[in-house]
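This is what each chain is made of:
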Amino acid sequence: MHDLYGDAYAMDSRPNEEGNMRTSRTKWIRGVVAFASIALVASACGGGEGSTLEELQESGSITIGIANEVPYGYVGDDGEVTGFAPDVARAVLAELEITEVEADVVEFGELIGGLLAGQFDLIAAGMYINPERAAQINFSDPDYCTTESFAVAAGNPNGIVDYQSFADNPDLTLAVASGTVEVGYAEDAGIPDSQLEVLADIDGIFAAIEAGEVDAAAGTSATVDTQVAARSGIEAVEPFFPKDAEGNETLPCGGYGFRLDDTEFRDAFNDQLNAFRSDGTTTDIITAYEGFTDADVELANSLTVEDFLDE
Amino acid sequence: MDAWLLDPGQYELLLEGALITIQILVYSFLLGIVLSLLVGVARLSEREWVRGIAFGYVELTRGISSIVLLFIIAIAIPILFDVGQSSLIALASIALGLNMGGYGAEIVRGSIQAIPRGQTEASIALNLTPTQRLRYIILPQAMRIILPPMGNLTIEILKGTALVSLVGVTDLLQQTRNVRQQQIAAGAASTADLAILYLNTLLIYFVLAQVINATFRYFERRLERRYQARYEPLPSDLVAPHVGGTAS
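Quick note, the sequences are listed as chains A and B, same order. For the first sequence, the positions run 1 to 311 when the working numbering is used. For the second sequence, the positions run 1001 to 1248 when the working numbering is used.
Keep in mind that the hints are not guaranteed to be accurate.
[Unchecked claim] Label pairs and their in silico Cβ distance ranges:
(1) Leu-1203/B to Asp-78/A: 18 to 28 angstroms
(2) Glu-1059/B to Leu-299/A: 30 to 40 angstroms
(3) Ser-1065/B to Ser-194/A: 19 to 29 angstroms
(4) Leu-1005/B to Ser-194/A: 40 to 50 angstroms
[Said to hold, decoys possible] Short, incomplete list of chain B residues facing chain A, as computed with Cβ under 8 angstroms:
(5) Leu-1015
(6) Gln-1174
(7) Asn-1178
FYI, nobody ran anything at the bench for these hints, they're computed from the structure. The beta-carbon is built from N, C-alpha and C at its ideal position, and this holds for glycine as well.
Let the sequences and hints guide you as you build the complete structure.
Written out as structure tokens, the structure reads:
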């Protein structure tokens, strides 16, 4: 910067247009390369090794990821995270001598990204187990099963029954939340994109049906029931089991998510979860929340994660 | 709809979120302002490679949407390089700060170029070093031009902080969504409840923006006063004595 001004003005008055363009292109490329290498170097440092389970047990604390979805997980009136998934996770983790459980409440679609990026070490959001997700994360065995439902306008004027209703009637639109299984169910049923509103968060799709922007909003029965009870002018359709692309009924059952390389942590968690599944602890915790029955938990108890991945 | 106010517990959540929002704003502002000055001056450097890096930085950070930059820094880089998110707030602030630096650098460059060339020539004549020229002659004058748009940009960044809720930071917007789920759990989730909740959030953002606004105006006025005080009247100004105390 010996000649701050001289140079600035020289740049303005360069006579040769073409020459100017060429230098600015080289400059641009050089700048990008330099900037990228700085970013790479900055990001390459860090990353201590060691098993996640050991680290967690040593510190006795963990951060878990919760979806912002009543009744699975949400911030209660006292400011503490509540919901059945974090409750079960806390009980299991306590047995593993991880007693300080901090919960990050994020939107559902952010859960897997946050887990992989290390924001939290466990997803406790009642996330359904399916092969697509299992390719990205490890699951525990399921601790509950549920049914799917739609929120529709009061009286169900369009006679919506299940996903097939939308494939049959091109005038109907359906709202689903980004990153949820409902997006996949809709695709499996052959609902074209033009009839599908994929919104960013779960609350948004129910706001959309309440406002009449769409003809239905899809979610688990528990979610739909809670949302319908809290809003006016909408009702829930008869719960149903969604079908896969081949037309077979699938089981919507949810478990806990771990990073693929955290198998040790996943196995330890799963062993303890299974102990709780057989002695009735999970039944007690889960059925304490409205919308879940003993049968929902018993069905899950008869299944392991492998049952969901073979198909 | 019973009232325009939320529960005390819900306000507590919103304020907790607002504190995170302020924290991210302060961090990204500090990073952004440093980058703005460094890169803005580097854009006018006589060394081509310095100008090249500065130019590349400005075009990259201005050209990438801040939400994408946020995902790259807070989610993609930790996954790709297995570095872990040591502090999500820090990563989010870096992303927003980089973004602000890109815009701010152009403000700084424009302001420096707006200072009459004679100022530089005079300071060269006074045998000041380039650093002295920048430090004592150019930047103090450029600051008057920099401040107003920089205040604008800071308010932009305040509003940009709402994006961090999308990468999992529990800021003001995310706390608003959390409160929303509380309303649903409590069975009170009419459109009016939603509107009131977001009106409260809106008010908090508005107040924060006014604080930024006032802070910048304070510094603008202080700078202006200093500038005025150094103004020595020319002999021709002294011909007519001052009457009302209003200096021309």
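Status of each hint after checking the structure:
| no. | hint | verdict |
| --- | --- | --- |
| 1 | Leu-1203/B to Asp-78/A: 18 to 28 angstroms | holds (24 angstroms) |
| 2 | Glu-1059/B to Leu-299/A: 30 to 40 angstroms | violated (56 angstroms) |
| 3 | Ser-1065/B to Ser-194/A: 19 to 29 angstroms | holds (26 angstroms) |
| 4 | Leu-1005/B to Ser-194/A: 40 to 50 angstroms | holds (42 angstroms) |
| 5 | Leu-1015 | violated (11 angstroms) |
| 6 | Gln-1174 | holds (7 angstroms) |
| 7 | Asn-1178 | holds (4 angstroms) |
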